Each structure stands twice: as C-alpha cells, then as structure tokens.
Amino acid sequence: MFEILDKKILAPNIKWIRVHAPLVARSAHAGQFIVLRLHERGERIPLTLFKWSKEEGSIELVFQEVGKTTYELGSYDPGDKIMDIVGPLGKPTHIENYGTAVIVSGGVGAPIGYAVTKALKDAGNHVVSIIGFRSKQYVILEDEFRKVSDELLITTDDGSYVRKGFTTDVLKEYLEKGGKADYVFTVGPVIMMKLIAKITKEYGIKTDASLNPIMVDGTGMCGACRVTVGGEIKFACVDGPDFDAHQVDFDELMSRLVEYRPEEKIALDRYVKGVR
Amino acid sequence: MARQIKKKRVPVPEQDPKERIHNFNEVALGYTWELATEEASRCIQCPVNFAPCIKGCPVNVNIPGFIKKILEKDVKGALEIIHKTNALPGITGRVCPQEEQCEMNCVMGKLGDRINIGKLERFVADEARKMGIHPEVTMAPKNGKKVAIVGSGPAGLTAAADLVKMGYDVTVFEALHDLGGVLIYGIPEFRLPKDIVRYEVEYLKSIGVKFEKNVVIGKTYTLYELLEDYDAVFLGTGAGTPKFLNLPGVNLKGIYSANEFLTRINLMKAYKFPEYDTPIKKGKRLAVIGAGNVAMDAARSALRVGYEEVYILYRRTREYMTAREEEIAHAEEEGVKFMFLVSPVGFVGDADGNVRVVRLIMNELGEPDESGRRKPVPIPGTEFGLEVDAVVFAIGQKPNKVLYQEVPELKVTRWGTLVVDEKYRTTMRGVFAGGDAVRGESTVVLAMGDGKKAAKAIDEYIKTGEWPEEIKPQSF
Ligand SMILES: Cc1cc2nc3c(=O)[nH]c(=O)nc-3n(C[C@H](O)[C@H](O)[C@H](O)COP(=O)(O)OP(=O)(O)OC[C@H]3O[C@@H](n4cnc5c(N)ncnc54)[C@H](O)[C@@H]3O)c2cc1C
Ligand SMILES: Cc1cc2nc3c(=O)[nH]c(=O)nc-3n(C[C@H](O)[C@H](O)[C@H](O)COP(=O)(O)OP(=O)(O)OC[C@H]3O[C@@H](n4cnc5c(N)ncnc54)[C@H](O)[C@@H]3O)c2cc1C
Ligand code: SF4
Ligand code: SF4
Ligand code: FES
Numbered sequence: 009m010f011e012i013l014d015k016k017i018l019a020p021n022i023k024w025i026r027v028h029a030p031l032v033a034r035s036a037h038a039g040q041f042i043v044l045r046l047h048e049r050g051e052r053i054p055l056t057l058f059k060w061s062k063e064e065g066s067i068e069l070v071f072q073e074v075g076k077t078t079y080e081l082g083s084y085d086p087g088d089k090i091m092d093i094v095g096p097l098g099k100p101t102h103i104e105n106y107g108t109a110v111i112v113s114g115g116v117g118a119p120i121g122y123a124v125t126k127a128l129k130d131a132g133n134h135v136v137s138i139i140g141f142r143s144k145q146y147v148i149l150e151d152e153f154r155k156v157s158d159e160l161l162i163t164t165d166d167g168s169y170v171r172k173g174f175t176t177d178v179l180k181e182y183l184e185k186g187g188k189a190d191y192v193f194t195v196g197p198v199i200m201m202k203l204i205a206k207i208t209k210e211y212g213i214k215t216d217a218s219l220n221p222i223m224v225d226g227t228g229m230c231g232a233c234r235v236t237v238g239g240e241i242k243f244a245c246v247d248g249p250d251f252d253a254h255q256v257d258f259d260e261l262m263s264r265l266v267e268y269r270p271e272e273k274i275a276l277d278r279y280v281k282g283v284r
Numbered sequence: 003m004a005r006q007i008k009k010k011r012v013p014v015p016e017q018d019p020k021e022r023i024h025n026f027n028e029v030a031l032g033y034t035w036e037l038a039t040e041e042a043s044r045c046i047q048c049p050v051n052f053a054p055c056i057k058g059c060p061v062n063v064n065i066p067g068f069i070k071k072i073l074e075k076d077v078k079g080a081l082e083i084i085h086k087t088n089a090l091p092g093i094t095g096r097v098c099p100q101e102e103q104c105e106m107n108c109v110m111g112k113l114g115d116r117i118n119i120g121k122l123e124r125f126v127a128d129e130a131r132k133m134g135i136h137p138e139v140t141m142a143p144k145n146g147k148k149v150a151i152v153g154s155g156p157a158g159l160t161a162a163a164d165l166v167k168m169g170y171d172v173t174v175f176e177a178l179h180d181l182g183g184v185l186i187y188g189i190p191e192f193r194l195p196k197d198i199v200r201y202e203v204e205y206l207k208s209i210g211v212k213f214e215k216n217v218v219i220g221k222t223y224t225l226y227e228l229l230e231d232y233d234a235v236f237l238g239t240g241a242g243t244p245k246f247l248n249l250p251g252v253n254l255k256g257i258y259s260a261n262e263f264l265t266r267i268n269l270m271k272a273y274k275f276p277e278y279d280t281p282i283k284k285g286k287r288l289a290v291i292g293a294g295n296v297a298m299d300a301a302r303s304a305l306r307v308g309y310e311e312v313y314i315l316y317r318r319t320r321e322y323m324t325a326r327e328e329e330i331a332h333a334e335e336e337g338v339k340f341m342f343l344v345s346p347v348g349f350v351g352d353a354d355g356n357v358r359v360v361r362l363i364m365n366e367l368g369e370p371d372e373s374g375r376r377k378p379v380p381i382p383g384t385e386f387g388l389e390v391d392a393v394v395f396a397i398g399q400k401p402n403k404v405l406y407q408e409v410p411e412l413k414v415t416r417w418g419t420l421v422v423d424e425k426y427r428t429t430m431r432g433v434f435a436g437g438d439a440v441r442g443e444s445t446v447v448l449a450m451g452d453g454k455k456a457a458k459a460i461d462e463y464i465k466t467g468e469w470p471e472e473i474k475p476q477s478f
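Read top to bottom, the protein sequences are chains A and B.
Counting from 1 along the first sequence, just add 8 to a position and that's the residue number in our numbering.
Counting from 1 along the second sequence, just add 2 to a position and that's the residue number in our numbering.
These aren't lab readings, by the way, just hints derived from the structure by calculation.
All of these numbers come straight from a predicted model, not from anything done at the bench.
Treat the hints loosely; a few may be bogus.
[As the list claims (entries may be wrong)] Not the full set, but computed from the structure, chain A residues with beta-carbon under 8 Å of chain B:
1) 97
2) 162
3) 166
4) 168
5) 271
6) 273
Virtual Cβ for every residue (Gly too), placed ideally from N, Cα, C.
Using the sequences provided together with the hints, build the complete structure.
What follows is the structure in structure tokens.
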C-alpha cells in the first residue's frame, strides 16, 4: 500500500499529491511514469512523475480529474492509501546539452514538461519554456517553471492571463522572431503536439513528443498503448512514451484515446451518483 | 485378481454449454470420489520403469503410482507421489495438453479409451486442497544465501519452491499487481479458477518464499542491482509481448491483442464492469485470428462477455490447430464458429475509427514448411470481407524485453528468447533463465520443469561457484 503524504488543489479539477513510494523514487528519471491501481476493483492508469525524492522515498504526481479513477484519486486525502503503484515505467526522456531547448507544454502536460525542463536545464541547456492553459484559473506550476527556465512564455487560450493564444502561436512567433531552438520537447493535448510537430518540421528542428495512449499493464504485455511511428507499430509504455514527433501518427492516437468514451461515462456517472 | 477391462472413459461432469457461456465458472466440474475411483480402476498399473504415460509426461510424474493411491483412498500419498516432480498438480491437471503428453501413449488406448490422467491428477490436488493437506516437506536449514526470481509464472514459482526447500532465502519479483503470470492474467477463470493459483502462492508464502509485487526488474531495480544483492538470479519472465500483423487498419479501435483482451477480462475483471472499473468493448460479432490455446481462450471469453457470434479465423486447416483438444471441443460446444484457410489482409473502419470489417483472403495448403506443417498459400482474387465489432489477435507472443533491453551481456536468439545452456545458465554469470523466456511460447508443465531443473543448477552454482568460460547454447 502506498500512502498519500500530502495534497494540494492547484486549479479546478487539477490536484497535486505526494505519495510514499520509495522503490519508484530511487530509480526515477524525467519523462517516466507510474501505473497505479487505487483498490481491488480499480483500473490501472498511468500518471507521469512530476518530482521525486530518493531521500524521502516519495513521488509527486499532478493529475486532472477527467474520469472515474482520477476523480476518485482526487477524493483521497493524506493518510489514505493507494493499493498498487508500479514504476518508474517507460524510457527516460533522452537528455543532452543541445544548446537551446524549447519545451512546449499544454494544460495537464505541464507536470511532465516540468520534469523534462528541469533535466534539460541541469544538463546545461539554455531552456525556453512555453506553457499554455485554457484560462487564468487553470494556470499551474508557474513558479516551478520559472525556477528551471531561462525564458518562460505563458499563454492562455482566452487571454485571461499574460496573453491570448495557443502554445503553437507562441512557438511560431518565437521562431519567426529568430528565437533559437536546437531541440523541442512537447507534451500536452494530442492536437497540440500534432501542430507543434508541424511547425518544427518546417523549421527542421528535432522534436520529441511524450505520448499518452490508453495503457493497461505499462510493461509491454498488452499492446493497448500501441502507436504508429514511422509506419511501425510501437508500444508507448516500453518503446516510449517519447517518440520523434515528426514520425508519429497523431490522428490515430487521437482516435484511439476515445475508444472507451461510452464506458468511461457509465463509470463516472455511477461514481458521481455514489454507487459502489 | 482378474479384472474386467473397462474400455470407456468415465466422463467428467461439465457445466451445460448453454449455461456456461453466461458465466465464468469452471467448465469441467471434476470427478467425484466415486467417478475418480472408477476411472482410476481402469488403469492397468504398468510397471514404473516401462509405463509409457510416465515417459510422455515432461516432468515424469509417477502416474500409476498416484493412481494406485487414489484406489487406496490415500490422498496424501497420491499428492506426495505427484509432488516429487510436479509442484502444481491442480494447475497441470487442468491445463496440460495431456493428449500429446502423458495420455498419448497410455496402453489402454489400444483397448479402448486412454486413462484420463489429467482429471485424476486434478482430482488429487483438489481433494488435498479441500482437506488442507500439503505434502510433507523437508526444509533444509537456512544456508544464508539469497536467490532472486524474476517473474511469478509457473517457471518462477517452481524454482522458488525448490530453492526455498533447499535452504535459500528466496524473493520473487513480479511486475504486475497479482501473482501467477499467465496463470492469473491469461488463462481464464472458467478453465483455471484463480483461487487455485492463489492457494499455491499462499502455500509458497507459508514455506518462506517472499514476494514483491509491482516491481519491474529493469526499471524498479536493474538486473545489475539484483546481482549485487543476491547470489544468483533466475529469470522466468515469460513470453508476454503480443505480436500484431502490420496490416492496413491494424490499430483501429476494437482490435486487441489476446493479452489485452484476456487481461482486461481476467486480471482486471472487466466482465464485472461497471462494478469493477476496467471496461471491455462489447458488440455482436468478434473474430479471433489464430487457433491455439490463446485463441480459444479469447473466443470463449468473448462469448461470456456477451458477443453473440464469435469466429476463429485460421490460415491452415483443422488438423493443424495447436490448441488442446478439450479446448477446441469446448469452444465448438459453446458455439464458436471456425473458418479455416483464411488470412487477414486488412481491416476497414467506420468514420470514428472503429473496426467494422476484416478483409480476408482464402488459402490453399502448399508444401510443408520447416515445422513440417503445410504452408498456407493465398489464392489470388479470393478476397472477401467479414463484418465485425471487434478483432482479437492471437498469433503468438515473444519475450518481453523490458528486463534485458539495457543489459548487453544477456544474449538473445533471433526470436528474442534468452540464450541458455543445458543448465539454464544465461550468458551472464549468476543469471539463469527458463520457461517461455527461453522457449518462446510453450506450456505450463515445461516451464515448471525448467524451474525445477534450474533450481538444481542454481544450487550447484552457488555451492561450487563454477561458471563456464563460454555458454554452449541449448535449444529447447
Ligand atoms: C504515459 C502517460 C502519462 C500520463 N500522465 C498524466 C499526468 O501526469 N497527469 C494527468 O492528469 N494525466 C496523465 N495521463 C493521462 C491519464 O492516465 C488519464 O487521464 C487517466 O487514465 C484517466 O483515467 P480516468 O479513469 O480518470 O478517466 P477515464 O474514464 O479513463 O477517461 C476519461 C476521459 O479521459 C480521456 N483519457 C483516458 N485515458 C487518457 C490518456 N491516457 N490520456 C489522455 N486522456 C485520456 C478519455 O478520452 C476520456 O474522455 C497520462 C497518460 C499516459 C499514457
Ligand atoms: C491465454 C493463454 C492460454 C494458455 N493456455 C495454456 C494451456 O492450456 N496449457 C499450457 O500448458 N500452457 C498454456 N499457455 C502457455 C503457458 O501459460 C506458458 O507457457 C507459461 O505460463 C509460461 O510460464 P513462465 O513462468 O515461463 O512465464 P509467464 O507465465 O509468462 O510468467 C512470467 C511473469 O513474469 C513477469 N515479468 C516479466 N518481465 C518482468 C520483469 N522485468 N520484472 C518482473 N516481472 C516480470 C510477468 O508479468 C509474468 O507474470 C497459455 C498461454 C496463454 C497466454
Ligand atoms: S504434469 Fe501434465 S503431462 Fe504430466 S501427468 Fe500431469 S497432466 Fe500429464
Ligand atoms: S500407461 Fe495408462 S494404463 Fe499404463 S500405467 Fe499409465 S495410465 Fe495406467
Ligand atoms: S500498456 Fe500494455 S503494452 Fe503498453
């Protein structure tokens, strides 16, 4: 059992928790994730490692409440226990000193983007962070990003904070103004990653995207997480989750993500109604 | 004592097919004492050094020996005889392909039906379980040496059992949240109730084996770290990675690997959705590609979660199907439809990306290939479509590389299986491997046999410290 040590609400429906998971913490790297199962009847869901502390044996997760499992997790308080956590899973993001690295994170991709940003910064890169949110109330981790970025560009879809526009607009402007980018890492909604990849392809900038398909085991055993990269079938949980963004079939990923929408709705409705 | 030869096998009571396709309870109900005694009495007790059944069993269970004990109503005696070479009779009795192994050459086959060895073995295990009987074990005193086992499938469990009895401090590491490997996530409840697997695991715990779930070796700990903390490591990581055919449309929604389909249903209990959180897609018609045990399990599970029509699509003909006879018969009784001599060439989806049609091409059988089986050859111009709501790929699995993708010292064959020698030694000092990880997809009983033999080799290695300069690959 894995005890929740601490909890914060970062924005509407976005929560941060710190969990006791020493085995995960001791070997975690940026870009990796865990799979958790809340209880005996629970589903296995993946969440990315936001931060971790070997010394304290704890990991930090940031998640958005979108369905049954994430809402239920959101209802857990410090002292409550998660039945199973396995990890760290996936290949760590490849970190090197590229020169200038631009990290584009959207919405709840921000915690993943943060871990990678920090690692790229630690590796000596000049780090430019672009983070985008729906509106002011959803802006999360701003201070965290500021600490690990040389430049921080924030945007909101509706212009309620800093500026109006999508992360794609910000990246485009940055590049048009002659901003340097030797490497781009992107994580967030699939449509955003797809459009970011399109821009960086025009500029010929090496780009990795962190993909988030539906997963079950997270160890390469089921193939639920398969994605098409460069025409080949890859399993995101073991071959990824990062892939060359210019090779990824984002449309297929988008389609596969909603495979269980009707069932997810049933599960959430039942949960909201308090059926156990 | 002149005895009348009883030619006919005593039938095993089974759940009615019409009923059982609506539940996940075990199909074969097993013998009662009366029926078991009757079946056991058919065995003519061939001498142990000659009995062809013993030779046919990969772990050489003393079959006439335990059958005799059934007649003597001595469950403990029977169990102990079996346990000398087979630690999991409740499991093998249910899932071994007996018709190709112990039962194949049973001499009774010349006079009538062969003895139902599998069901008798299962009977012994089930009776023992009911009565809480365990075989007498002699535990060697603790020797202070530690062995790590990776994977809790039959290979790992068997190796763990033997090593703990030899006095080792044994820890089994398992990536999933439950123990048993394919026995728990793959083989469905209606063929192998999970309680039986749990019972065996609990027994191992009671004799001192330690289990660490939710630990992926290669991620949570590296193999190098294990080698620092343990005197030897056994890899029983199985062949868990599913294969797909890279055909147009293969990633449409509703197309699963058998592993995903079965894992959702068995391990995650999707058949109880929404009481359990994991969903499974439901629909009218489902097609399974492949014709082994895995395919039968997927097809029969599909019926049970509510698919009305389930097809097995196989590229060869009936006689080449690799599934156990009993599974094929059960699938047929339950109404699974078989389509032979067809291969998929692609999938067509609807506007939302859900699979709607499997495109198939007809085959004819050509020359035999390396495996001696006649090769399916597509007949041009015979393409047609089968409308479906879901497709399950059951065309085979390869070893999971999570563990060794970062360990260059571990050599693998071109099939991705680990290279080992006759003593199950890998190309890395102190690391042993067995089961599906070295055989590719194989069977429970062979995985157990490997675990047993590897345990012996591990004991020898730890005692002598001997390791060869060069590993001479052994093929299994
Ligand atoms: C490698 C990886 C890392 C992830 N890291 C994070 C993270 O750090 N924080 C976070 O909030 N989420 C993360 N996700 C997404 C998270 O796993 C899903 O939000 C979660 O599984 C939803 O479970 P649920 O039962 O609450 O909702 P469900 O009922 O399963 O789904 C509700 C809605 O969410 C969508 N959804 C389902 N699965 C995913 C998915 N994998 N990705 C995106 N949308 C999905 C569905 O389309 C559906 O509309 C990650 C996913 C992956 C694969
Ligand atoms: C659906 C299905 C039906 C079958 N039916 C039959 C049948 O009727 N009769 C029969 O004899 N055989 C059958 N088989 C085959 C049989 O199950 C296998 O041959 C047998 O289970 C192999 O045992 P194993 O111990 O080598 O590996 P597995 O049972 O595959 O166990 C391996 C375990 O190792 C774990 N693991 C893998 N990598 C790691 C890692 N890095 N760290 C930690 N843990 C790890 C896995 O999670 C898994 O639990 C069937 C197989 C399937 C899939
Ligand atoms: S282990 Fe399998 S092959 Fe051997 S006797 Fe038992 S059922 Fe037959
Ligand atoms: S071969 Fe058949 S009859 Fe002879 S001992 Fe074995 S089970 Fe009995
Ligand atoms: S989640 Fe099962 S293979 Fe990736």
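Holds or violated: is there a CB of chain B closer than 8 Å to the CB of residue 273(A)? Where the cut-off is 8 Å and the nearest Cβ of chain B is about 10 Å from residue 273(A), the hint is violated.
Quick check on the hint: residue 271(A) CB to chain B CB, less than 8 Å? Holds - the Cβ of residue 271(A) comes within 8 Å of chain B, reaching about 3 Å at its closest.
When the least beta-carbon distance from residue 162(A) to chain B is tested against 8 Å, hint result: 34 Å, violated
Chain B contact restraint on residue 166(A) - CB to CB distance below 8 Å: 29 Å, violated
Interface hint outcome for residue 97(A) [beta carbon to chain B under 8 Å]: 6 Å, holds
Would you check whether residue 168(A) satisfies its interface hint, that is, whether its CB is within less than 8 Å of any CB in chain B? 33 Å, violated
Hint compliance for this structure: hints 2, 3, 4 and 6 are not met, and every other hint is.
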